[in-house]
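S.K.: Read off the chains here:
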Amino acid sequence: MTETIAPRPGTELRRSAHIQDYGIIGDCRSAALISRYGSLDWLCWPRFDSPAIFAALLDPDRGGHWSIAPAEVRSIHRQYIRETNVLQTSFDCSPGKAVLTDLMPVASEEFKRRAPLPDHEITRQIECTSGSVRVEVEYFPRPDFGAGSAGLRARGQLGIQAQVGRGVYWLRSSAPLRILEGKRCHASVVLEAGQKLQFSLSYCDSTPAILPPLGEWTRQSIAGSVAWWQAWAGRAKYDGPYRQAVVRSALALKLLTYSPSGAIVAAATTSLPERIGGPLNWDYRYCWLRDASLTVRGLLGLGYHEEAGDFIEWMLQATRLTNPELRIMYTVYGQQAPHERELKYLCGYQNSRPVRVGNGARSQLQLDVYGEVMDAAAQYAFYGGDFDDDMRKTLLKLGNYVAAHWDSPDEGIWEPRNGRQNHTHSRVLCWTALDRLISLGNKGLLNHAPLDSYRENSELLRRQIHDQAWNEELQSYSNVLGGSELDAALLLMSWYGFEKADSPRMQGTYRAIRKHLGAEHGLVYRYRSDPSEGAFAICSFWEVEYLALGGGSLEEAHALFRSLLRFQNDLGLYAEEIDPASGAALGNFPQAFTHVGLVGAALSLQEREEGAQQLPHRPERAANRSAAVEAHA
Amino acid sequence: MNFASWLLWGFVATVANAILLHGSQGLGLTRLNLPYILGMAVTPDRDKARLYGFLIHTANGWLFSLLYVFIFESLQRTSWWLGALIGIGHALFLLVVVFPVMPGLHPRMASEQHGPSASRMLEPPGFMALNYGLRTPVSVLVAHIVFGIILGVFYHLK
Chain A
1 MTETIAPRPG TELRRSAHIQ DYGIIGDCRS AALISRYGSL DWLCWPRFDS PAIFAALLDP
61 DRGGHWSIAP AEVRSIHRQY IRETNVLQTS FDCSPGKAVL TDLMPVASEE FKRRAPLPDH
121 EITRQIECTS GSVRVEVEYF PRPDFGAGSA GLRARGQLGI QAQVGRGVYW LRSSAPLRIL
181 EGKRCHASVV LEAGQKLQFS LSYCDSTPAI LPPLGEWTRQ SIAGSVAWWQ AWAGRAKYDG
241 PYRQAVVRSA LALKLLTYSP SGAIVAAATT SLPERIGGPL NWDYRYCWLR DASLTVRGLL
301 GLGYHEEAGD FIEWMLQATR LTNPELRIMY TVYGQQAPHE RELKYLCGYQ NSRPVRVGNG
361 ARSQLQLDVY GEVMDAAAQY AFYGGDFDDD MRKTLLKLGN YVAAHWDSPD EGIWEPRNGR
421 QNHTHSRVLC WTALDRLISL GNKGLLNHAP LDSYRENSEL LRRQIHDQAW NEELQSYSNV
481 LGGSELDAAL LLMSWYGFEK ADSPRMQGTY RAIRKHLGAE HGLVYRYRSD PSEGAFAICS
541 FWEVEYLALG GGSLEEAHAL FRSLLRFQND LGLYAEEIDP ASGAALGNFP QAFTHVGLVG
601 AALSLQEREE GAQQLPHRPE RAANRSAAVE AHA
Chain B
1001 MNFASWLLWG FVATVANAIL LHGSQGLGLT RLNLPYILGM AVTPDRDKAR LYGFLIHTAN
1061 GWLFSLLYVF IFESLQRTSW WLGALIGIGH ALFLLVVVFP VMPGLHPRMA SEQHGPSASR
1121 MLEPPGFMAL NYGLRTPVSV LVAHIVFGII LGVFYHLK
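Protein chains in written order, with my numbering: chain A, 1 to 633; chain B, 1001 to 1158.
Only chain A is shown next, with the shape it has when bound in the complex (with noise of 0.2 Å):
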C-alpha cells in the first residue's frame, strides 16, 4: 500500500507515527520498530525485556530515537522483502527516489563460528534510486527509556561511541555525522541516483566490541539475512488458503521467540494503549505460557517442529522452580516477571498514560494456563515429539495439580485486576488439561499417570460446566458460573473438543456472542466493557475456527477471514486489538496472540477445504499424523 502524503520534512512526520505505521525487525533475540517514516522508534538491547535505548513510541521528545529520511517525502510504500524480517521502505522525494532498507543481520550459527558479528546489530542502507534526494539522519539515543544520556563520543573512523552501564553501543557510518551537544547525531547529505548510505549499530556488553565494517560486508549482510529469513519461510508446509498472510503470521512469530532459550515472548513493546489516552497500557515482554502454548499449536501446524519442541522443553525446564504451580507469565530465562513499576516522565503513546514496564498480574492464578500448556505438551507428543522421565513427571504434577485445584475460582484469560471468579473458560480448560493427559496415557506416553482420577474429575467439570454454566436467558454459556454476561474466549470451547461446534449449544452461543460482543466489519469484543477498548483480534479469528469446525458455512468463515485481513497494516502485522471505527490497531505490537489466531484459523479453513479431520488434538487424528511422520522418517 502506497501512502500519498503532502510534502513535509521527514522530521515532522516522524512525529506523526501510529501503531499501524510500524514494522519489526529482529534477531529472536530482541526487536526493533520502524515507522514508516523511517525512524527507528523502539529497541531494548540486549532481550526483548531490557530497558529501552530508543522509546520514541512512547514519548517522542524524550524517548530517542534514530531516523533516516528525505528531507521531502511526496509518498511512502514499504514491504518485506519477500518472505523475510528484512524492511524496506520506498520514499518518492521527487525529484529523486530513495529504498531504506532494514534489518537486525542474522546467520547460521555454523556461519557466525567462521566470522566474528557484533553480539546485537542494526543494519540500515538509503540507497537513492533516481534523480537526487538529500536524507536527512539524526541518531538520538536515550537509554533507560529514556531517563538517561548516551554521552556520545567520537571516535575518528571508528564511528561514534556511547557507553551506557556496562554496555557500549557504537554506531558507524558512511554519512559524516555531527555530535549536538554531546547527546545527539545529525547529517544531511544529498545523494544522487545510485549513491548510498550505510549504518550499523552494534552493541555489546560482555567483550570488546566486534566493530562489522561496510561497504560490501553490508551489502553480503543484507544478502545473507535475506537467504536466512527466505530459508527459514519456505520450510512453512502449508500451501492452504491465505499463504501470505500464514507465512508474514510465522515470520512474526519467529521474531518473538528468544532462540538462547526457546521462550516466546507475547509481545515485542510495553504500554502501547488498548485504549487511546485510556490507562489499559501493559508491558507484553514476557513469556506468557498461554499466548506461547497457542503459538507451539500454529508452528506445529506449519511444520515448524524444532522451534515448537524448543518452547515445549523451555517450558518444562523453566517452569520447575514453580512446579506443580504455573505462573502466568516468565521472563525468557524463566523467572518470575518482575513487579510493575510506572515510568511517569514518559507521557505514553498519544498521551496514553501510564507507561509501565514490569507486570502486576504476575502473580494471578489463572487455572486456563494448565489447559494451554497440557494440550501444546500433547500436540506436540502426537506429531512425534516425545518426552524424557522429567517432563513425564512434570506433566503428572501439573495434571494432579488440576485435579486438586480446578473448582478454585481464578482470574482468568483476561487478566482482570478485581479479583477471582470463577471462570467458565477456565473450567473447560482444566478439563482440556485432564482430557489431555487422558489421551497421552491412553496411548502409553504417560506411564504411571492416575487415569481413574482424571477420568473421575474431567467428568466432574463437564458437569459442572454444562448445569452451571449454561444461562437459559441468554442461550449461551456464560463467562462466569451462574453469570449473565458473555466471554469471547467461550468460542474455544468447540476447538477444545469440550461440544461439538453444530451443537445447539454451541449454536446458541455463538448466536449470543455475536448480537452482544459482535462490533462494526465482523469484529468482537472480547467481553462488554465500560469506557469501551477496541475489538480483540485474536477474538475474531476464533470466531473463524468457529466456524470453519462446523459452526458455520465455509463460505461464511472465509468471509470472515478475508473481513479480518483488512485490518492488518501494509505489512501484514497486528496489534493486539483493533478500533471497529477506524480500523487503526490498538494495544502491544506486534502481538503474537492475534498472528497466532490468524495461522490457527487458517489452518482450520484449510483441513474443512480439505475435508480432513478437524480438531489436529484428538487421538485419532494425531495417531495419523505421528504414522505420517513415522512413514515420511
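Computed footprint of chain B on chain A; a stretch qualifies when at least three of its residues, placed anywhere within it, have a C-beta under 8 Å from a C-beta of chain B:
1. 100-109
2. 327-337
Below, computed lysine-lysine pairings styled on DSS-like, alpha-carbon distance capped at 30 Å:
3. A:K237 <-> A:K500
4. A:K397 <-> B:K1048
5. B:K1048 <-> A:K393
Hints listed in this document are in silico derivations from the structure and should not be mistaken for laboratory results. A virtual CB, placed ideally from N, CA and C, is assigned to each residue, including glycine.
For chain A, the structure is supplied; the task is to place chain B on it using the hints.
M.R.: Just chain B now, kept in the frame of chain A:
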C-alpha cells in the same frame, strides 16, 4: 599424600556435593543440574545424559578433591574452615569463570548470541548461572563449602 584417605573422602565429599546440588534443584531453588549438563556434552539422549553426567560429575569431584588435598599437604594442615575457604574459591571459580564460558566449550549449549536458528540446545547459564534461577549461586556456594568442609575435617595428612 594420603592416597586412601583422599580416595575415600574425595568420594564422600563428591556424593555430598551431588546430593546438595540435586536437592536444591528438587526443592525448586535452582534449575541447575550439573550432571545433566555434563552428560549432555557426550550424548543428546536426555535420560542417558543423567547417568553419564553423574559418572562424569563423580570423576570430576574426585579430581577436584585432589586440588584440596594438595593444598592441605602443602600447608601441612587441615581444618573445616580451610576446606570451606577452598570450597568458596572453587564455587566462585565455577560461577564466575566456568559457567559463563561453558557455551563455548559445550557442544549442546546455546550462547546468549544464539539465534535465530532453532536451538534444541541447553539454555546458557549466564553470569554466575543466574539464568537458572536467582538462588543458583547460593546453592553452588553451599554445595562446594560442604565439599570443602568434609575434606578439611576428614582428610588425614600423611
